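Protein sequence lines, in the order shown, are assigned to chains A and B.
Be aware that the first sequence starts at 1, since it is given in this note's numbering, and climbs by one per residue.
Be aware that the second sequence starts at 1001, since it is given in this note's numbering, and climbs by one per residue.
Hints in this document: simulated from the structure, not taken from any laboratory.
Being a predicted model, the structure only gives us computed values, none of them experimental.
Treat each hint with caution, since some may be false.
To be verified - Within a straight-line C-alpha distance of at most 25 Å, the following computed PhoX-like cross-link-like pairs (lysine-lysine) qualify:
hint	chain 1	residue 1	chain 2	residue 2
1	A	58	B	1073
2	A	167	B	1280
3	A	182	B	1217
4	B	1190	A	182
5	A	58	B	1540
6	B	1240	A	58
7	B	1056	B	1073
8	A	165	B	1195
9	B	1217	A	159
10	B	1190	A	165
11	A	120	A	70
12	A	120	B	1540
13	A	167	B	1190
14	B	1056	B	1240
15	B	1280	A	165
16	A	171	A	159
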Amino acid sequence: MKQLSIMVDMDRCIGCKTCVVACRNHHNLVNHRSHMPGEIPFYIKVESQAEGTFPHLKEDFWVSPCKHCKTAPCATACESGAIRKDAQTGIVLIDQDKCTGAKKCIEKCPYDVIQFNAEKNYAHKCNMCYDRVIHGQEPVCVEICLTDALSFGEKEILKMQAQAKGKEIIKKMSSQSIIYVKSAP
Amino acid sequence: MYEDGWIPTVCYQCKAECSILAHVQNGIVQEVKGNPRARGKMCVKGMAGITSLYSKERLTHPMKRVGERGEGKFEQISWDEAMEIMETKLRALHEKGEGHKFTYSMFPHSASDPKWRFVNAYGGFISTGLPHCDSGKIMAHLHTFGCFPNHHIAPIYYSVPKDGLMILSGRHPFGCMDDACVAKDILDAKERGAKLIVIDPIFRPEAAKADWWIPIKPGGDASFFLGVCNYLLLNNLYNKEFCDKWVREGDMEKLLDFIVDKTPEKMSSICEVPAADIIKLAKMVAEAPSACIDAFKSIMYGNAMDWGQVWSIFLVITGNLDNPGGQPMPELTPMAPVNPVPTPPDLKELGYHRTGPNREKFDHYNFILEPTWYAAQAIKEGNLKIFFATECNPALSEMGAAAWREAVSMKDDDGNYMLDFFMVSEILPSETMKWADLVLPDQTNYERWELLYMPWWYNYSHGAALCRPVVKPVGEARHTNNVIIELGKHMFPEFFAFKDDVEYYDIELGGVGMSIDKLMENGGMWSPGTAGFYKYKDKKKFDTPSGKIELDWNMYADINQQWPSPELPLEYRKDEEKFPFILVNFRTIFLNNTGAWSHNNAQLRDPVSGLDSNPIMINPVDANKLGISEGDTVFLESATGKVSSIVQLTEKIKPGCIGIIHGFGQTVGQVATLCSSFNDNELIADAGSHLDEQDLRGGEAHVSTRVTIYK
Chain A
1 MKQLSIMVDM DRCIGCKTCV VACRNHHNLV NHRSHMPGEI PFYIKVESQA
51 EGTFPHLKED FWVSPCKHCK TAPCATACES GAIRKDAQTG IVLIDQDKCT
101 GAKKCIEKCP YDVIQFNAEK NYAHKCNMCY DRVIHGQEPV CVEICLTDAL
151 SFGEKEILKM QAQAKGKEII KKMSSQSIIY VKSAP
Chain B
1001 MYEDGWIPTV CYQCKAECSI LAHVQNGIVQ EVKGNPRARG KMCVKGMAGI
1051 TSLYSKERLT HPMKRVGERG EGKFEQISWD EAMEIMETKL RALHEKGEGH
1101 KFTYSMFPHS ASDPKWRFVN AYGGFISTGL PHCDSGKIMA HLHTFGCFPN
1151 HHIAPIYYSV PKDGLMILSG RHPFGCMDDA CVAKDILDAK ERGAKLIVID
1201 PIFRPEAAKA DWWIPIKPGG DASFFLGVCN YLLLNNLYNK EFCDKWVREG
1251 DMEKLLDFIV DKTPEKMSSI CEVPAADIIK LAKMVAEAPS ACIDAFKSIM
1301 YGNAMDWGQV WSIFLVITGN LDNPGGQPMP ELTPMAPVNP VPTPPDLKEL
1351 GYHRTGPNRE KFDHYNFILE PTWYAAQAIK EGNLKIFFAT ECNPALSEMG
1401 AAAWREAVSM KDDDGNYMLD FFMVSEILPS ETMKWADLVL PDQTNYERWE
1451 LLYMPWWYNY SHGAALCRPV VKPVGEARHT NNVIIELGKH MFPEFFAFKD
1501 DVEYYDIELG GVGMSIDKLM ENGGMWSPGT AGFYKYKDKK KFDTPSGKIE
1551 LDWNMYADIN QQWPSPELPL EYRKDEEKFP FILVNFRTIF LNNTGAWSHN
1601 NAQLRDPVSG LDSNPIMINP VDANKLGISE GDTVFLESAT GKVSSIVQLT
1651 EKIKPGCIGI IHGFGQTVGQ VATLCSSFND NELIADAGSH LDEQDLRGGE
1701 AHVSTRVTIY K
């Protein structure tokens, strides 16, 4: 299977949110003039998990975009056939022209990553910067990552790179197009 | 003049001023990223700068006050009228021979910032909040090494070798950067085998990435490192060869006399770090090829001069000066002077913190700029008459902000304001604007020229970056540099004989064989790419009076402060029963602190990409004792202020401390007023009202604050 993927090195992610804003700027998601906090669409978000009690603490940070599922529930749910998994890249794409605004995809997405443009009545989400990657560029989040925590490529190659660096894949977090890795404790 | 494409310029969402590329399409900035010719990174604040640029709240025309100060009522006026108002006020004060009663609160973008030039020509002073953050470290550089007084002087993380130690002491370089590349550089160093040690009362992302987190009592870093130095010296683990060669004769003996009783055990009782950990770190330092300490900023303590001196002692006895992985010693970029250069007035003689009845108290105060923290006191004493503020927000950023607001509103017996005139130039509505007589719309970094070569931050002076206009300015916004140059041409034509800002920068760039055009053709940068190492070996001396490293600060011998005190700041040692908690106020990467830019930047106040509130953080151990639960609304009270907010229970703070995030509290602007927040400076004392407690060596004023918390 062809699957372009993003690998998140949790040894390096500091949860800085730079990718969130760079992604919005690139995909023109922000109305700089009028958007207010809490109403700006986003294709990627930062999550974290702290464990332990003072002073024995640890905390991980990671980013969470669309996972471009193998059998995408959003695509299955869409009755207008607007969502497909691209055979060449493994990227799940929404065709805005076909989208009827039924929001079925949003209901079915297990990761809550699909946005809705109420004004123009269509669903939209991370397309792994499809227009860039098909011309040999990385997704914007990978290019601008403040700490170089993200890397991009074919899933099997990313896995080999992780192994070469001595990183463990966090299987319970990883899914189709996102691989989370970390040094062994 | 404007073109589409990826244009090299400079970010100005914070003072780090990173080199960036702006993607302009059809005359609009679409996206931005780090300039690969520089260090190639740009942070979330910088990325959100486009939202400030195109915000509908941009100030677009000059305005003058129509109500009382503080009401925030204005009417639109022309630029001609605004210029006339400023010139009339400035001339009147100058003709009275009181030019020194003019201060300009700003962040100079270079040592020859045109605004600073005007202030020097006028005979006034610039004032900044900079001494709040770094005065101790700057003075340590001056006193001990004779080094150019750089601002923050971070370690060169990309130079840290395998097994080198990177020590962050109360410092959050992931959240308050010297350059957007710093987090990457630290993590890269870790990957090649360097160790990251974080000494901090709160557990932030730096601690999460650290090899060793050492929770410490706030203000305990001077005692902690004195304990480390004691162990190194008394166990002969210090760099004797370096000290024998470079330290002033007699200083090592005096240091040993001073430090012999600063044992790890004794220091442990002050900083609340086990003596075994102090010794463990000392042993690690002795074995490491290099060690650096990044400190001062995110958490600021009131014993900064003591800490600055301990910091310099540590660097000297371990030989970590101007070496890879140690402490860099920056120089000033050799720009050409634009002659004739105006001579500034004598700060020591005429600075406003020296003109009041208590001026003799500050005879030792030796800092290079006027600190803003005495502004309220100076206004009350009649020593400050005209106040200009650009790119700063003293109504929020000033410690004791309430006292500042009161002072700028005070009237004399005739009903005239004690502060005769107050001008603010800004790009977005600011809290400070409410008290201004005149508000001028400034341009963002995407609309203006600026030459940046101050050795702030991470370039160590070996570089210059050009900020250039990439899009047309909005409305009637004018870059304040040009406004001030125009005033200079009217009032002091001999010092402003150049055509405009671009010609001014062109002349300066001649000093390094560059010009504006050459920079524009070459990625917007002049950067030979090295800060240089061991420069003192080339010079065969340090630039101190003795030519050697001077550990004994004998200029303070008459007040018996030539050596650092290990004690906590004075404010932490009093009123412990009434105010049982120590306030830890810190910063995050999502905000630009008190600057007006992020208060009204929708992306930086958005919960997904920024931060929308600053809760009161408390350890559950403390909360349980007080019967306080997550989400409770509580009061937080200090000796001088009181705020109310929501509680957040967190294991990530040392018991006995209360944490709050700096950079909130604005009441002006649609975005800012959406937030649930308060300003931490409401809790911090105004320096002018606590003069008896000042560090008379010129260290930080009152950032050390005790608080009590109750429902």
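Verification of the hints:
1. 58/A / 1073/B: violated, 50 Å
2. 167/A / 1280/B: violated, 29 Å
3. 182/A / 1217/B: violated, 32 Å
4. 1190/B / 182/A: holds, 14 Å
5. 58/A / 1540/B: violated, 47 Å
6. 1240/B / 58/A: With a Cα-Cα distance of about 39 Å, the restraint between residue 1240/B and residue 58/A is violated, given a limit of 25 Å.
7. 1056/B / 1073/B: Distance of about 19 Å is within 25 Å: holds.
8. 165/A / 1195/B: holds, 18 Å
9. 1217/B / 159/A: violated, 43 Å
10. 1190/B / 165/A: holds, 14 Å
11. 120/A / 70/A: violated, 28 Å
12. 120/A / 1540/B: violated, 71 Å
13. 167/A / 1190/B: Given that 25 Å is the threshold and the Cα spacing comes to 15 Å, the pair holds.
14. 1056/B / 1240/B: With Cα atoms ~62 Å apart, residue 1056/B and residue 1240/B exceed 25 Å; violated.
15. 1280/B / 165/A: Outside the cut-off at roughly 30 Å; violated.
16. 171/A / 159/A: This hinted pair holds, its Cα atoms lying about 12 Å apart.
In this structure, the earlier hints numbered 1, 2, 3, 5, 6, 9, 11, 12, 14 and 15 are contradicted, and the remaining ones agree with it.
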